[in-house]
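*Asks:* Let the hints inform the model, and build the full structure from the sequences given.
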Amino acid sequence: MVEVSHNEVKYQLETREHDLYGFGVDVFMLEKDGGRPKEPIAFIPGSDESAATAKTAQWLKIAFPVELQGKKKK
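In the numbering used here, the protein residues as written are 42 to 115.
Just to be clear, a hint being listed does not mean it is correct.
[Claimed, not checked] Calculated lysine to any residue pairs in the SDA-like style (CA-CA distance at most 25 Å, straight line):
#1 K96 x E80
#2 K51 x G76
#3 K73 x E58
#4 K96 x L61
#5 K96 x V68
#6 K73 x L61
#7 K79 x V45
#8 K102 x S91
#9 K73 x D89
#10 K51 x P106
#11 K102 x L71
#12 K96 x H47
#13 K79 x R57
Hints in this document: simulated from the structure, not taken from any laboratory.
*Replies:* This is the structure we're talking about:
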């Protein structure tokens, strides 16, 4: 299993074969204590584990963008 982090949140990727989409990874958002929920938040398809991991990193940037620090209105 591969672990990636984005915006100080850790995700665990577990490979599996999907009936419709083929090979890919299930994405689990880890709890603050490191616990893993029963259900994944997404399935990301890819030709192999490396490709699916790269696509997952891209998806995380789009799905959970970094909050921009804006100027406070007076």
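*Asks:* Holds or violated: K96 with H47, Cα cutoff 25 Å?
*Replies:* holds (13 Å)
*Asks:* Is it true that the CA of K96 sits at most 25 Å from the CA of E80?
*Replies:* holds (20 Å)
*Asks:* Are the Cα positions of K51 and P106 separated by 25 Å at most?
*Replies:* holds (15 Å)
*Asks:* CA of K79 to CA of R57, is that 25 Å or under?
*Replies:* holds (15 Å)
*Asks:* Hey, K79 versus V45, does the alpha-carbon distance stay inside 25 Å?
*Replies:* holds (18 Å)
*Asks:* Are the Cα atoms of K96 and L61 separated by 25 Å or less?
*Replies:* holds (18 Å)
*Asks:* Please work out if K73 and D89 have their alpha carbons no farther apart than 25 Å.
*Replies:* Distance ~29 Å between K73 and D89 Cα, so the pair is violated.
*Asks:* Next pair to validate is K102 with S91; report whether the Cα-Cα distance is within 25 Å.
*Replies:* With Cα atoms ~17 Å apart, K102 and S91 stay inside 25 Å; holds.
*Asks:* K73 and E58 were given as a pair; does the straight-line alpha-carbon distance stay at or below 25 Å?
*Replies:* With a Cα-Cα distance of about 28 Å, the restraint between K73 and E58 is violated, given a limit of 25 Å.
*Asks:* Sort out whether V68 lies within 25 Å of K96, counting only the CA atoms.
*Replies:* Answer holds: K96 to V68 is near 11 Å, not above 25 Å.
*Asks:* With a cut-off of 25 Å on the C-alpha distance, tell me whether K51 and G76 pass.
*Replies:* holds (10 Å)
*Asks:* With a cut-off of 25 Å on the C-alpha distance, tell me whether K102 and L71 pass.
*Replies:* Given that 25 Å is the threshold and the Cα spacing comes to 17 Å, the pair holds.
Against the hints set out earlier in the document, violations occur for numbers 3, 6 and 9.
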